[in-house]
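With the hints as extra help, turn the sequences into a complete structure.
10 protein chains.
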Amino acid sequence: MLFHVRMDVAIPHDLEPDERARLVATEKERALALQRAGTWVHLWRIVGQYSNISVFDVGSPDELHEILWSLPLFPFMTVQVTPLARHPSALVAGP
Amino acid sequence: MLFHVRMDVAIPHDLEPDERARLVATEKERALALQRAGTWVHLWRIVGQYSNISVFDVGSPDELHEILWSLPLFPFMTVQVTPLARHPSALVAGP
Amino acid sequence: MLFHVRMDVAIPHDLEPDERARLVATEKERALALQRAGTWVHLWRIVGQYSNISVFDVGSPDELHEILWSLPLFPFMTVQVTPLARHPSALVAGP
Amino acid sequence: MLFHVRMDVAIPHDLEPDERARLVATEKERALALQRAGTWVHLWRIVGQYSNISVFDVGSPDELHEILWSLPLFPFMTVQVTPLARHPSALVAGP
Amino acid sequence: MLFHVRMDVAIPHDLEPDERARLVATEKERALALQRAGTWVHLWRIVGQYSNISVFDVGSPDELHEILWSLPLFPFMTVQVTPLARHPSALVAGP
Amino acid sequence: MLFHVRMDVAIPHDLEPDERARLVATEKERALALQRAGTWVHLWRIVGQYSNISVFDVGSPDELHEILWSLPLFPFMTVQVTPLARHPSALVAGP
Amino acid sequence: MLFHVRMDVAIPHDLEPDERARLVATEKERALALQRAGTWVHLWRIVGQYSNISVFDVGSPDELHEILWSLPLFPFMTVQVTPLARHPSALVAGP
Amino acid sequence: MLFHVRMDVAIPHDLEPDERARLVATEKERALALQRAGTWVHLWRIVGQYSNISVFDVGSPDELHEILWSLPLFPFMTVQVTPLARHPSALVAGP
Amino acid sequence: MLFHVRMDVAIPHDLEPDERARLVATEKERALALQRAGTWVHLWRIVGQYSNISVFDVGSPDELHEILWSLPLFPFMTVQVTPLARHPSALVAGP
Amino acid sequence: MLFHVRMDVAIPHDLEPDERARLVATEKERALALQRAGTWVHLWRIVGQYSNISVFDVGSPDELHEILWSLPLFPFMTVQVTPLARHPSALVAGP
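Chains as they are written, first to last, in the UniProt record's numbering: chain P, 1 to 95; chain A, 1 to 95; chain V, 1 to 95; chain W, 1 to 95; chain E, 1 to 95; chain U, 1 to 95; chain Z, 1 to 95; chain S, 1 to 95; chain H, 1 to 95; chain B, 1 to 95.
Hints are computed from structural coordinates only; laboratory data are not their basis. No experiment lies behind these values; they were computed from the predicted model shown. Backbone N, C-alpha and C fix where the C-beta goes; we use that ideal spot for every residue, glycine too.
Computed Cβ-Cβ distance ranges for the label pairs, DEER-style:
1) S:Asp8 / A:Pro17: 26 to 34 Å
2) A:Asp18 / B:Val92: 36 to 44 Å
3) V:Pro17 / A:Glu16: 16 to 24 Å
4) E:Pro12 / Z:Ala33: 27 to 35 Å
5) E:Gly94 / W:Ala25: 36 to 44 Å
6) Z:Ala33 / A:Asp18: 52 to 60 Å
Stretch by stretch, here's where chain W covers chain E in the computed footprint (C-beta under 8 Å, at least three residues):
7) 1-9
8) 50-64
9) 83-92
See below:
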């Protein structure tokens with residue numbers, strides 16, 4: 001099942017630079033791993049913002065929550081989750 | 001280039017039923033044609049709302065505007081367009 | 001899986017009284033049937049508003065959308081859907 | 001009587017880690033105790049957010065306020081309280 | 001128990017004048033009756049708006065909902081209900 | 001003349017505990033004194049929030065401003081002032 | 001005492017042209033009369049909008065409400081009233 | 001002097017088609033005339049919306065208001081006016 | 001030409017007391033000087049808020065920007081500027 | 001292709017003065033360079049705010065994102081990007 005997720009990132013400017021770099025790097029690794037696993041099916045940057053629009057293909061809302069909650073940058077994110085359904089005019093179902 | 005588009009549809013309840021049916025049918029035809037053309041690359045229904053989230057792959061903002069402006073249901077839509085860029089953690093570029 | 005749904009109803013004041021009564025009655029029948037089926041697990045009235053807060057237990061977002069889209073009063077509703085997950089401090093899981 | 005309560009938690013990132021852990025742990029104990037007492041009747045996590053949606057069954061608004069005000073994480077919460085009434089289409093009354 | 005209630009009234013300008021006058025008159029009668037009964041304890045006009053701020057003293061949220069739902073102007077109102085508790089610095093409890 | 005005032009308090013979590021206690025205590029003394037003087041005529045706690053809804057009976061807007069501006073917690077408050085008038089359906093005038 | 005008032009006018013496009021002209025004309029007469037009386041002390045047009053920003057000098061909030069409520073265009077206005085006080089850096093008090 | 005103006009157009013769907021066409025045509029003539037006069041210096045369509053972003057070069061706010069107020073579609077527009085100044089990093093001043 | 005300006009001031013509570021006093025004092029001097037010069041024509045305090053509503057009479061938007069940008073408290077202000085025009089029902093033009 | 005960009009700058013008041021000066025200076029250099037390159041085609045200051053309204057002429061959304069993301073003040077900006085299209089009433093196309 002598909003969920004549309006918008007993540008707005010706001011890392012405090014006074015966070016230790018090393019800690020910031022570590023977070024950003026581990027976030028990227030997690031994102032790549034989840035994409036390889038076919039869970040994080042779309043990941044786009046919103047032009048001009050430290051934000052992304054993503055689509056996740058998961059087995060349940062609980063699974064999605066665990067994924068988002070465990071993202072390294074989660075503490076510095078504002079997240080909006082929108083459940084998706086098949087559109088009657090969609091040529092193909094799915095992500 | 002990719003644009004994220006949200007469309008919220010609000011057809012007046014006192015619109016002629018035939019006119020409504022005609023609009024909805026021609027809207028579906030247009031959507032299917034644009035998907036076959038590879039322009040309307042994603043089309044999902046937002047659960048619980050007469051709304052969709054779409055992604056368009058077009059040559060320019062002007063082209064996107066012409067498409068949206070020409071949709072049969074456009075007069076009854078609230079549309080939000082968000083330009084997308086490649087995300088540095090995206091496994092693959094594109095739609 | 002659980003979804004929190006808020007429905008705000010706004011029936012135009014100039015809708016035919018008979019049509020209004022028919023819609024309200026069939027809405028109630030649908031609500032009762034879905035509750036008996038164990039799908040619509042909670043249904044509360046928001047004090048002072050023609051609105052409800054509900055919790056649905058469904059198999060997928062698509063199933064939830066079909067239910068909401070088919071409600072007789074859907075055309076006159078503003079609907080907000082919030083996916084729920086198990087809370088780490090919840091004594092028991094589920095609705 | 002029932003109250004729908006949404007709690008959005010925002011713990012400052014520079015709070016002492018020990019203090020943070022203490023707060024989170026005592027919050028969980030309080031939540032479990034209130035659930036055992038039949039006061040905190042529903043507690044769900046909002047997917048993707050450090051937030052919950054709860055339903056409380058209390059004897060009065062004052063009682064609810066005392067409970068919320070005394071939660072260890074209260075100073076870091078944004079709380080919205082919505083009084084609930086029995087819905088005319090509800091199969092059963094109550095939580 | 002006390003509830004703070006704001007009511008914003010918006011009567012369609014094309015409502016039959018007689019119907020409008022009837023609604024306004026019966027609304028006034030209901031308001032006076034509820035005040036005499038000690039239920040509607042405060043009723044003030046917001047300067048410059050067809051709105052009021054009220055305080056109700058009722059036995060339960062359900063009772064408040066029945067009162068508001070039954071007001072003749074309810075169909076043309078936007079209502080916000082805020083539950084009140086005793087303030088620790090209040091010289092006296094109550095309305 | 002009557003003014004409806006909502007005060008939302010947000011004391012920074014890193015304020016010196018002694019300073020915080022001093023502010024809260026002197027705020028309470030001021031509130032009690034103003035109530036005894038018949039100026040602060042209603043003071044209720046909003047359930048679940050560090051906020052109050054009050055009604056002031058003052059001689060002029062300037063007088064109200066001086067009172068609010070001089071409250072010890074004023075620097076940490078968001079204040080909304082709404083002027084009130086007599087409601088045509090009010091059984092009695094006044095606070 | 002001074003009140004800042006913003007009035008946004010939205011006359012339905014299907015209102016009878018004669019009725020519209022009558023309302024606008026009587027509104028102007030009332031405005032001019034109130035200005036001559038020294039009550040409506042400032043009246044400016046907001047550039048690009050059918051709105052004005054005004055300042056009223058009245059004896060009480062009740063008096064202001066009667067004035068606004070009796071304006072011919074009141075039924076088609078959204079009104080925001082902000083009570084003003086003397087500013088500590090104001091060279092002169094008053095309007 | 002420069003003013004940034006956003007215009008959102010919402011023509012009622014039940015407006016007479018001839019009247020609509022007349023309005024749209026005369027609006028275009030006015031826009032072209034004002035552009036030739038060097039007053040309306042920029043006019044862009046917002047992608048996906050019946051809205052434009054414009055920049056006007058006028059002699060005073062009053063002049064701008066007269067222009068906007070006299071546009072044929074003004075009654076069906078929501079207009080936001082933002083005064084502009086020279087930016088310290090602007091290579092050249094002006095429109 | 002006239003501009004309506006709202007200034008909401010929010011000085012961080014942890015700003016050095018001496019610096020705060022210096023800023024507030026120099027702000028007052030500037031305000032008095034601009035009022036004497038006939039530029040800052042109206043300055044009122046919004047009741048209950050560290051905010052003012054002002055009207056400026058300036059030669060251009062650029063001049064207004066320079067004035068506002070140079071106010072000592074500017075870095076701690078949220079400023080909204082609304083250009084004003086003569087109202088057709090205004091008895092007299094001007095501030 | 002054209003994009004309308006609004007940038008609201010909020011530099012923390014406790015940022016090192018030297019660091020602040022460096023950022024502002026390098027930001028200006030970047031802005032001037034991009035204007036010379038014909039990419040940053042319009043740059044205006046919003047009166048009364050540390051904000052600008054700009055128009056960029058770029059080859060793609062990705063190019064725009066790289067530009068904005070690389071601005072020295074980007075970490076302290078809120079950015080809104082609005083894609084523009086040719087307006088049917090525009091005398092000339094382009095910036």
